[in-house]
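**Q** Protein chains in written order, with the working numbering: chain A, 1 to 110; chain B, 1 to 112.
Relax, there's no trap hidden among the hints.
Computed spacing ranges between beta-carbons, pair by pair:
id, chain 1, residue 1, chain 2, residue 2, range
1, B, R63, A, K42, 22 to 30 Å
2, A, T76, B, G58, 31 to 39 Å
3, B, T14, A, T67, 46 to 54 Å
4, A, E45, B, R57, 22 to 30 Å
5, B, K13, A, P40, 19 to 27 Å
6, B, R63, A, N22, 33 to 41 Å
Okay, derived cross-link-like pairs now, DSS-like style, lysine-lysine, Cα gap no bigger than 30 Å in a straight line:
id, chain 1, residue 1, chain 2, residue 2
7, A, K57, B, K30
8, A, K59, B, K30
9, A, K63, A, K42
10, A, K79, A, K69
11, A, K42, A, K57
12, A, K42, A, K59
13, A, K42, B, K52
14, B, K13, A, K42
15, A, K42, A, K79
16, A, K79, A, K59
17, B, K13, B, K52
18, A, K79, A, K63
19, B, K30, A, K42
20, A, K57, A, K68
21, A, K69, A, K59
If we take Cβ atoms under 8 Å as the criterion, some of the chain B residues that face chain A in the derived model are:
id, residue
22, L97
23, T102
24, S105
Worth flagging that the hints you see were computed from the coordinates, not collected in a lab.
Note that beta-carbon positions come from the ideal geometry of N, C-alpha and C, so glycine has one too.
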Amino acid sequence: EDQVTQSPEALRLQEGESSSLNCSYTVSGLRGLFWYRQDPGKGPEFLFTLYSAGEEKEKERLKATLTKKESFLHITAPKPEDSATYLCAVRSGGSYIPTFGRGTSLIVHP
Amino acid sequence: DAGVTQSPTHLIKTRGQHVTLRCSPISGHKSVSWYQQVLGQGPQFIFQYYEKEERGRGNFPDRFSARQFPNYSSELNVNALLLGDSALYLCASSLNLDYGYTFGSGTRLTVV
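Turn these sequences into a full structure, and let the hints steer you where they fit.
**A** Structure (structure tokens):
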């Protein structure tokens, strides 16, 4: 059974204070690791897909990296508008169905 | 292009009642999946459909059912509602089973 653990559960940062969110996973043959952003009461918004260890992707202040056991979402010089819940999901080789973690709630104070 | 459309956006039902939630995928997307998200938790998989056939079912009771229509839209039905069914129900569409998901804004269901 695929498992995804995200840490920390909640993170408070000052504007401009860089940090990283962690997604640890256990899966039989990774077929994709996904990062989503979710604003309160809204559906998740797709950010990145990573497929193999060593892969990195960037979008504005966000950078996602992947190893064989975990993924990091690095946030550089965050702004208040980056406040949201960030969800990680994995899809294994035996299934087309992503399994989600519980998310990290990020609050960036001005 | 329109994104994934879900209706209704909010719904209040009484215990024991039945509810139908609807989803229209992005044009050209043939796969629709349904997730339940309870406050403070990640989305939990309910069903996946591709080309009108069920391709996956999560660990939910038989009170939950779904179907996909020839135009690839989908319905999620829940019978005999319980208080614990209160949640945000998310629909996601993808081009096929191997592509990433695009989510709708969800239907907020409250059971009283």
